[in-house]
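Residue 314 in UniProt numbering sits at position 314 of the sequence shown; the count goes up by one each step and never skips.
Check before you lean on any hint, since a few could be wrong.
As the list claims (entries may be wrong) - Calculated cross-link-like contacts (lysine to aspartate or glutamate; reagent style EDC-like; alpha-carbon spacing at most 16 angstroms):
| id | residue 1 | residue 2 |
| --- | --- | --- |
| 1 | LYS272 | ASP248 |
| 2 | LYS275 | GLU252 |
| 3 | LYS312 | GLU171 |
| 4 | LYS312 | ASP32 |
| 5 | LYS4 | ASP32 |
| 6 | LYS4 | GLU97 |
| 7 | LYS4 | GLU66 |
| 8 | LYS4 | ASP316 |
| 9 | LYS189 | GLU213 |
| 10 | LYS81 | GLU66 |
| 11 | LYS94 | ASP83 |
| 12 | LYS244 | ASP279 |
| 13 | LYS4 | GLU95 |
| 14 | LYS119 | GLU95 |
| 15 | LYS261 | ASP279 |
| 16 | LYS319 | GLU171 |
| 17 | LYS237 | ASP279 |
| 18 | LYS275 | GLU240 |
| 19 | LYS94 | ASP248 |
| 20 | LYS251 | ASP279 |
| 21 | LYS195 | GLU185 |
| 22 | LYS82 | ASP72 |
| 23 | LYS319 | ASP32 |
| 24 | LYS195 | GLU213 |
| 25 | LYS219 | GLU185 |
| 26 | LYS275 | ASP316 |
| 27 | LYS82 | GLU66 |
| 28 | LYS81 | ASP71 |
By construction, these hints were calculated from the structure, which means they are not laboratory data.
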Amino acid sequence: MTVKITIDCMGGDHGPAVTVPAAVNFVRSHPDAHLLLVGIEPAIRAQLKKSKAVDEPRLTVVPASEVVAMDDPVEVALRRKKDSSMRVALNLVKEGEAQTCISAGNTGALMAVSRYVLKTLPGIERPAIAFAMPSQRGYTTVLDLGANVDCEPQHLLQFAEMGHALVSAIEGRERPTIGLLNIGEEVIKGNETIKRAGELLRASTLNFYGNVEGNDIYKGTTDVVVCDGFVGNVALKTSEGLAKMLTDMIKEEFGRSFATKLMALVAMPVLKRFKRRVDPAQYNGAALLGLRGLVIKSHGSAEAYGFEWAIKRGYDAVKNGVLERLVRAMEENAAPMRQAALEAGRANGATGSDAVQPLQDGVAASRTNPPPPGEPGAALPSKA
Numbered sequence: 001m002t003v004k005i006t007i008d009c010m011g012g013d014h015g016p017a018v019t020v021p022a023a024v025n026f027v028r029s030h031p032d033a034h035l036l037l038v039g040i041e042p043a044i045r046a047q048l049k050k051s052k053a054v055d056e057p058r059l060t061v062v063p064a065s066e067v068v069a070m071d072d073p074v075e076v077a078l079r080r081k082k083d084s085s086m087r088v089a090l091n092l093v094k095e096g097e098a099q100t101c102i103s104a105g106n107t108g109a110l111m112a113v114s115r116y117v118l119k120t121l122p123g124i125e126r127p128a129i130a131f132a133m134p135s136q137r138g139y140t141t142v143l144d145l146g147a148n149v150d151c152e153p154q155h156l157l158q159f160a161e162m163g164h165a166l167v168s169a170i171e172g173r174e175r176p177t178i179g180l181l182n183i184g185e186e187v188i189k190g191n192e193t194i195k196r197a198g199e200l201l202r203a204s205t206l207n208f209y210g211n212v213e214g215n216d217i218y219k220g221t222t223d224v225v226v227c228d229g230f231v232g233n234v235a236l237k238t239s240e241g242l243a244k245m246l247t248d249m250i251k252e253e254f255g256r257s258f259a260t261k262l263m264a265l266v267a268m269p270v271l272k273r274f275k276r277r278v279d280p281a282q283y284n285g286a287a288l289l290g291l292r293g294l295v296i297k298s299h300g301s302a303e304a305y306g307f308e309w310a311i312k313r314g315y316d317a318v319k320n321g322v323l324e325r326l327v328r329a330m331e332e333n334a335a336p337m338r339q340a341a342l343e344a345g346r347a348n349g350a351t352g353s354d355a356v357q358p359l360q361d362g363v364a365a366s367r368t369n370p371p372p373p374g375e376p377g378a379a380l381p382s383k384a
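All chains should be modelled from the sequences, with the hints used to inform the complete structure.
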């Protein structure tokens with residue numbers, strides 16, 4: 001099976017100077033991949049010429065006349081730049097011309113345009129950004145990492161469902177463990193949203209471990225950690241800053257004198273292994289889950305090596321049938337999720353205006369008004 005991938009070549013801090021060489025390297029090492037390079041045609045072809053890949057048959061240039069800048073407001077990307085490389089790349093996925101889209105563009109714009117073009121899956125109110133963070137046991141999948149700053153309990157339950165499907169597909173684990181990020185492991189800790197989310201998760205069919213703390217992400221205590229986008233994004237950026245600080249400090253200490261430089265030579269094999277384990281480039285590529293198509297978000301500042309890893313994330317997701325598994329998981333768990341919401345509601349005695357209501361058509365309803373049907377981000381009725 002040929003895996004067709006669209007690349008938003010104009011996205012990110014470096015544009016075609018990074019995205020095109022990464023695409024060239026990827027197709028050369030993956031004979032079953034066909035990449036559609038979307039963007040300003042002359043800029044893309046210039047980079048193909050530099051990479052000596054002008055005649056590569058598995059690289060197709062798709063012209064787009066506009067670019068979504070990293071500082072463009074969401075409204076501009078969504079309503080004005082309708083022929084942007086980002087939107088054209090997503091349209092190709094919607095039309096079935098490709099199976100996944102990779103972009104290093106503006107995160108807010110990418111999420112908004114993706115929701116508008118691809119729409120959400122049945123049973124999903126809000127898509128989430130999922131990312132593999134390094135741990136002592138390999139890595140921990142964390143979501144959400146910035147798509148949803150404010151969440152209701154049922155959203156966190158849906159994130160857990162999506163994380164379960166992702167890890168099951170990629171790693172082949174039948175029942176990955178799920179942790180709920182909190183300020184302590186005790187059930188009584190956390191705000192009301194976290195407490196109610198914990199009740200929903202305990203009543204669900206998921207393999208719920210319980211509450212976990214920030215350090216559990218790096219211990220690898222659970223396969224999946226669920227949190228709202230505000231907390232998740234802070235955790236991600238803190239991790240990136242810590243990794244860079246440690247790397248810089250090690251370089252500084254080993255470069256202090258001739259003796260320390262000699263010691264660095266002796267320790268070089270260990271240092272290289274350490275760098276590989278914490279190198280952000282190898283973890284580049286966050287999945288936008290909950291859409292009717294696969295979208296992978298690369299770090300905006302990624303170099304070619306890191307962007308190539310983001311392409312691989314999308315490629316692996318297609319090969320492992322992540323989207324199909326996610327759809328199946330949501331359909332299979334619609335009834336258990338409905339029952340979980342009912343049981344948690346009874347146990348909680350929730351009667352206030354912010355109470356979680358029974359799930360309707362596979363989606364927990366709240367008294368907050370959802371977007372009207374047909375508008376970007378509106379949840380679709382479930383077929384379950």
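Structure-based check of all given hints:
no. : hint            : result
1   : LYS272 - ASP248 : holds (14 angstroms)
2   : LYS275 - GLU252 : holds (15 angstroms)
3   : LYS312 - GLU171 : holds (15 angstroms)
4   : LYS312 - ASP32  : holds (12 angstroms)
5   : LYS4 - ASP32    : holds (9 angstroms)
6   : LYS4 - GLU97    : holds (7 angstroms)
7   : LYS4 - GLU66    : violated (23 angstroms)
8   : LYS4 - ASP316   : holds (12 angstroms)
9   : LYS189 - GLU213 : holds (11 angstroms)
10  : LYS81 - GLU66   : holds (6 angstroms)
11  : LYS94 - ASP83   : holds (15 angstroms)
12  : LYS244 - ASP279 : holds (9 angstroms)
13  : LYS4 - GLU95    : holds (12 angstroms)
14  : LYS119 - GLU95  : holds (13 angstroms)
15  : LYS261 - ASP279 : violated (22 angstroms)
16  : LYS319 - GLU171 : holds (12 angstroms)
17  : LYS237 - ASP279 : holds (14 angstroms)
18  : LYS275 - GLU240 : holds (13 angstroms)
19  : LYS94 - ASP248  : violated (43 angstroms)
20  : LYS251 - ASP279 : holds (14 angstroms)
21  : LYS195 - GLU185 : holds (11 angstroms)
22  : LYS82 - ASP72   : holds (13 angstroms)
23  : LYS319 - ASP32  : holds (10 angstroms)
24  : LYS195 - GLU213 : holds (14 angstroms)
25  : LYS219 - GLU185 : holds (14 angstroms)
26  : LYS275 - ASP316 : violated (24 angstroms)
27  : LYS82 - GLU66   : holds (8 angstroms)
28  : LYS81 - ASP71   : holds (14 angstroms)
Consistency with the previously given hints fails for numbers 7, 15, 19, 26, ordered from lowest to highest.
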